Every structure is written in structure tokens, then in C-alpha cells.
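A.B. asks: The lines below spell out each chain.
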Amino acid sequence: MRARVLVRPKAGILDPQGQAVERALPALGFEGVRNVHVGRLIELDVEDPARLPEMCERLLTNPLIEDYEIEQ
Amino acid sequence: MSNSTYSLDERHRQLGLTDDEYARILDRLGRAPNDVELAMLSLMWSEHCGYKHSRRLLRRLPKEGRHVLMGPGENAGAVDVGGGIAVAFKVESHNHPSAVEPFQGAATGVGGILRDVFAVGARPVAVLDSLRFGEPSSSQRSRYLLDQAVAGIGHYGNSIGVPTVGGEIYFESSYEQNCLVNAMCLGLAPHARLIRSAAAGAGNVVVLLGALTGRDGIGGASVLASAELGEGDEAKRPSVQIGDPFTEKKLLECCLELLDRELLVSLQDLGAAGLTSAASEMASGGGVGLTIDLCQIPLREADMEPFEIMVSESQERMLCVARPECVGALLDVCERWEVLATTIGRVTDSGRLQVLHRGNVVADIPVSVLIDDCPLYDLQPVPPSSDLYGGPEAVLSGDESPADTLLALLGSANLASRRPVFEQYDPIVQSRTVRRPDEADAAVLTLPDGSAIAVSIDGNGRRVACDPRLGAAEAVYECSANLACVGAEPLGLTNCLNFGNPEKPHVAWQLTEAVEGLARACEAFGIPVVGGNVSLYNEAPTGPIFPTPVVGMVGKLPSAARAGQMGFAREGDTIALVGPFEPSLVGSELAKLRGQAPVGELPAADAAALRVVHEAIRARVRAGAFRSAHDIAEGGVAVALAECCVAGGLGASVRLPHGLDPFGEAPGRAFIVSGPAEGLTGFVVIGEVGGEVLRIEDLLELAVCDLREARDSGLAEWV
Amino acid sequence: MKFGIVRFPGSCDDIDALQAASRVGDAVLLWHADHDLQGVDAVIVPGGFSYGDYLRAGAIARFAPVMVEVEEFARAGGLVLGICNGFQVLCEAHLLPGALLANVSLKFVFRQVELEVVRGAGPFTGACEAGERLSIPVKHTTGRFYAPDPELDRLEASGQVLLRYAPGQNPNGSLRDIAGVCNESRNVFGLMPHPEHAVDPLGGSVDGVKIFESMRAHVEQHVLA
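Protein chains in written order, with numbering that gives the first Met the number 0: chain G, 0 to 71; chain U, 0 to 718; chain R, 0 to 224.
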């Protein structure tokens, strides 16, 4: 089955990429945008979805600096 | 020919072939080409691959020299640097792709020129880039292109572990619609490892190495490079290639090991027109034929049609020929480096390029039709009857004080510090670099025996617009001057000719004059042209770009430890002005700031006399007679002095020769050198190093920290 | 004294580290796919872009076959030096605390920077004095050192911060200007600056030699004696 892992920078850690995007939007005429964070999407076909959390902990994310969310 | 012959098949026009060219194909092939063949021919006969408007002209360039090991026509040129080592080098453009997608366009430009260098068996050891954009102060688009192109060059070069050691950037509104991204690479090889691309040996195996083949850049060459950019560029986006430096790093190491183990008969990289041009050129070079089975080619997308596979410009691929008994060992090496290697065909003695797909012959063309029958056109040069470019908006009125003028020049986009750019590049990986950007006029890299090679890249389109013949020659003089400042003797030259639409007589004239100027300067200095590139059709509805021949020059110096450097080094050192220096404001940076068009006569040059001066500078640098040497280029002697002060962190007190315009220019003609007085005998002494101020008597006095600040701030807001 | 420099696909400064280490002892390359440290006295995990920096810098390299032996070697007290990408690999492998994040500028930065030696003792900075300045280049996109505040307090209190960027010299936003940290047992050290690029008088600074010399001195005193 097809799974999606959304990887986000942990709250509280400086996210300059998110800040750069947040700064760039008003310049293009998009107002009222705040709290932008940039993460990563990993998509995969898995036979055993029960192993996804372990995959996330061991390779797909660095738990010190990232949070993740699994969508199936 | 009746109309009915064309109405059946007007696809040739969509693919960029003229009716006459199509008729020529019918004649040489003896029949109509099928779809796959038409696609292949349209690319091989495009301007980008076929050099239709430039090949005859390029024969004018001198290519002989006693150090030359490989001349034009191979993937890269190569010269001998002693100790059994060859330096291979070349410059190539990636202009049109960079205008559409600057990050990937610039990145794959670097990737492509790297492949050209390791395709001849040399390990890439340095990259330089020559860039042109519109004015950053007024064009957000140009700021975007600059930002992304620099990021792309850094991304590819840094990731693959080849240092970016030098380069140049100019900003002119002339390049607003047509940016230029020229990438130069040089590499080192033991003589025995140099290899040519000519396929040989009927029965030998053709192997494809590297990345999977996808739809990157399909139609790229003919759609993008052989036509002027106009509206609707969005639709061209799918044609741009995506680069992967990690894959290329593995491919590079793999290829060098294959060559060290002598497992290859020939090697060719896949660039513009992908498999079609690689196979055609390999076959043509060896006077043989090739048979290719498309079903063997590993694809990224399963449903690719035969013509797509043949013209795909997917990056990071090489084609090689090996004897059958070597294929096993070849595959082992590739497996170790995690490089995909697939046997896709054979060398034959048919003289034809035959392409199979699912057991059927889908293309069968004599190699001579693909390569030799490509039409070559004579240019129809006519000098322009009026000024083509006009003047930019004036930033200075001419009433400014000399001090304010100097500060304005130092802070201008063309002269300001490039630190915000070169700090995005790694200049030291591979541990050969002994002169980093901003330390000297040329990059210097050590060789194993303690000698060194030096390299510089230069070209000033504004001055070439004033006078294409002399302006192009100046690029050669300037490169030679840059090399002299570090103590290097020129060994060879590569060039990229960036021009507008050659079918327009005034552009044809610019191109013809520029090539003549390059040729004469190279002949006078005894520097062979070992290879290069041409990029034409750099034109927008508003007109052509400044004619921009870019010259990359490589030289050698006997002692890395004695390489020259630019900044004033010691209080009390004597400063001298050396050279037959008769500058003028025509074509100068100051003229540009004052809103003047690139029109007028450039200062004349006595090439033979210049050569003597360069040799004298070189000799004294090698002897350690100078503590600094810097050539006088854009901005004139005042800017050159300021640059020496800022680089060394020391002021100076000088008096210029009477009547010398402090901001007048004559690139490649003159030098500012400093050192102990006994090292400068015979030169015109103009002053002394010392203090914290640049004082030019009766002209200006500025603190070195103010000079530095003006220079540092120029580009910083845009990058 | 024999150094082993690990070579992953994509390592760039491996030969540079090999050449630098060769000035101080013998040096060999350790191929990523081989479970073999060739009996070296110290392991160097070099700079570059192993595995293209895919997923996260160092995330894939840490699982290379040779890393099994490197981790064993480290747990047994062997010296392991991680430079730039090597530092990233060792953090991902949990041989060092913290993580490296994207530079605050979001751009690659090359710069000759001044470092301050925080602790002039131990196998990596024993040849330096506390407070000494070292001029060493940095070149990276992902060099901002991060650890949660309590962890940073702990690292500083236990003297595991060995190098800091001198005031005004922090090129990437590393917290507390940290340029290099070691593990609790002090046998594993990671730093973002490149000491192997500060060993040649022709290139400018030779301050990087001290790190390699510290390692040799330690091995000669404690291992080979």
C-alpha cells in the first residue's frame, strides 16, 4: 500500500527556509501569511505498514530535529 | 522542387530545418527520412551541433603549438605541462537553458563541461565561469537569474568536489533577455591516459554508462539553441535537463579507473542531442559505423518512443567502446562504483548509424550524412550603419570629483567585489589551489612536482561592441596579462563565441571581425586555440547581445611558491606602472556610468610590443622581484591602484604620468607592480606603498577602508 | 601511526585528508563497502557530499558497511575524527551529540575563519593551548550545530566543546558558536571546519596540522607505547 510520511522541522528550532518563504510571499502580493515551515514529503509503497514508524525513527527522519506524521 | 514534396512533410520546419536543408537530406539520403531519422538529422544539422554558420570561420583560428597534445575537434583540447602531465580544458555555453531555468541550466552547464574533460581521460581539477546578466539595480529578473545561476554552479561544482577557482560576471542591459552562462573546466591526465572519441574495431562493443535515460531536454538543442527566445518560454520548460552531481562523481571516478586499467578503446560524453550526437561523432571520428539496440537502454520512463531515446539529453551519461574481452572487467569496475553499465550495440564497418527497436530497424543513416553533409554557410558580413545598442541610463553626470568617481566605479555592479558570489563556491577542494579568488589575477593550482598551472577567463562585450576586432584581441591580451601577473607562460586557449543571429549581416560582421581579432592576437602571442564553443542566436526583439567572445587561457609557472599575488604587501615598497599604456574612455566603465553608448575607437595595440612587456612581467614575478603585480583593466589605473590597496590592506602614495586619464582603459596593456626598488629597475616609478590612504597626487585621497566599503557594498545587496 | 580515511560514494575531501594525515603518519583509504579498518590507529570520516547529501547529510553514509567497524572501534576507545560531512555522519550515527542544520543564510559558505580553542587537551586539541586562535577554512551548506539547550549546557560544563568560532566569525549560525564537539569519552571528535585544508604553507595557514599532531601524540603515548 501507498504511504506518505510528512517530515517537519521540530518546533522551536530556527527554520530559515520557512522564514525565507514567509518573507518572499508578501513581495509577490500575498498578505496575511504567517508561521511558515518547510519540511519534506516521502512517498513509498510498503507491504508492512506496521514497520513505518521504525523506518521513520531509524532512517527517514532525524528525531532530534524533526517530527513526522504518517498518512496511509 | 514542387510544393507537393514539402506539403507531405512540414515537420522538418517544426524541427528547425529549412526547406533547402530538407531537400539536401532527401538528396543525400536518397529517400525521405522517417520520424526517428528526421529527429536525429534535425539535431545534428542544428546550429548548436552542426556549427553551420561558424565552422568555416573557426578555421581561421591558429591551432598549432609545440605544447599541443589535442587540438580542436575532440571533447576537450589538451596541452603538455611537463612531467608527463597533460592539462585538458575547454569552455562551453549553456545560455538558452539558463535563461529558462537558471539553477539547472547553470548546474548542467558545469556538469556538461566536466564530462567533456573526463571524456578525454583527465581528472577535472578546476572550474571557472563567465556570466552575463542584465542590470541588477533595475531588473528583478536579472537578480533572480544571477542568484539562481550562482547557486546552480555552486551546487554542482561543490557537490562533485571540483573547485571553482575563478570567473567573471558582467551586467549590461544588453543581456537582459539573453543571459550568458559559460562554464570552463580544466583537468589533469598522465599523457598515456588521454583518449580520443573515435570508435574503432568492427565487432567491438558499445557500452552506455551512467544515469537512466528519460525525457530531459527532448528537442533541446534544436528548439532552444537554434532560435531566438521570444514569447511563450514557459512551454520550453520541459526541455531543460536536471543535473545530479552525485551520479556524475561516481561516473567520473569509474571512467578514470576504466582508463587507468586500459579497458577502453574510446570514450565520449553525451551532451547536446544525447545518444544521436555521441554515436554519430564516435563513428565519424573512426570512419566506422555503429549499431544500437534501443531496447537495451535503461529508461527512466517505460513508454519512451525511439526518437525520444535517441535525442534525450538526460545528464550524467557516457558512451564508450571496448574490446569484447574487456567487457567483463569493465562491468566489474562499474559495479564497484555503482555506475549503471549496459551493452547497447556494436561497432561495424558499414559506415552507417543503425538503430534497432524491438527487432526492427528504426533508423539507418550513413554517418557521413549526419556529420559531413551538414551544410556550412558563409556569413554575409556588413558593418552596421548605426549604433546598435544605445547608451544606458547615466548614473554619473561627469561633474563628480575624482574621489567620488572612483567610489562610484568601485561600487558599480561590474567592478564591485564578487565575494558574495565566490563565497558560494568551494575553491580549495583537491588541495591544489594556491591562489584563491581575489588573491591574484589568475587562479593558480600546484602540480605534483612543485610547478603550477594558472588559468584566467575574460571577455568584455561592451568593448567588443565598440570594435569587434580589437575588443576580441583585448580578451587575449587581458588573459595573457592575468597569467603574467602570477608568473605563468600561456600554453593554450579556449574560447566561447556568444553572439546574436548570424543570419543578420551586422552580427555576421561582428562575428567575423571578432574571430579575426582573436586569430591575430593568438598568432602574435604564439598561443594556440585548442578548442571552444559557439553560441549564436542570442538575440531578443530589441536586438542582439553585445558581441561577447569569452577567452579562457591556461599557462604554466615553474614554481608554485613564487606565484604572484595582487595586493600591496609592505610599507615602503616602490610602485611602478609598466607597459605601453595609452588609455581612453571609449568603451570604459566610466563611459557606461556616464550613459555613453559603446561607440568609438579603442586604443590601438602593438601586439608584438605587448608580448615583450608580458614576458618581462612574467620573468620578474618568477624571479621574486615583485611583491605584487596586478594588470590594469576595467576602471583604469585608479581602480587598479584601489584594488591593490584593498587586497593588501595598505595605502599608497602615487603620482600619475602627466596627462594619463586615471579612469581610461586599455586592457591587457599595462600593470601596477610593487616591490623593493631594486626589483623594479627600468620601470616607471610612480610612488610608494604605505599608510592607510590611497593618495593620487593632484587627484584624490581616500581611506583604504572607504575603498573597501565601496567595493564590498556593490553586489552585496543583489546576491 | 596509521590513519584510515573512510571513502564513501560522494566523499570529496577524502584525498585531501589522506594527504594531510600523511604529513604526520601513514594513511590509507577505507572503502565504505569493506568491513575492514586495516588495523589503523585512528579513523577520519572526511568532508564531501556522501550519497549526494540525500535525505539528510550523512543519513545514508552512517549505515555503510564500514561504519559497523567504525562504531565498534569508537566504542572500544579508538580515535575517530569527523570533518564537515564526517561530523554530520557521526551525529547521525549517534557517536556525537547534536545535529547539523542548514546554514542560517541557506547558502553554501566558503570562508577562512578564526576558531578559538576552548580546551587545549586531549587527543584532538592536545597540541593547542586554550584560548589559542586557529585559522581554518569552512565550506558547507549544512553546518549549523544544534542541540537542545539543556544538552548544550551539559556539553559546555563537561568540556566537550573543543572549538568555537571566534567572536564575529560564526559563518552558519551554530548555537553558542560551536565549531567542534567531542563525545563524553573524548575519543570521537567532529568539527565543521576543514583542518586538512590548513596544512600547506603555500595555501596560507598551517594551523590544521595541530589537530593531526594531537592525534599522533595521543596514539604514540597511549596506544603504541
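Don't read these hints as lab results, they were simulated from the structure.
Warning: the hint list may mix true and false statements.
[Claimed, not checked] Which residues of chain G face chain R? A partial, calculated answer using Cβ under 10 Å:
1. 7
2. 13
3. 26
4. 28
5. 31
6. 34
7. 39
8. 65
All values derive from a computational prediction rather than experimental measurement.
Ideal Cβ positions, reconstructed from N, Cα and C, are used throughout, including at glycine.
A.B. asks: Under the constraints set out in the numbered hints, which ones does this structure not fulfil?
C.D. replies: When the structure is compared with the hints, numbers 1, 3, 4, 5 and 6 turn out to be violated.
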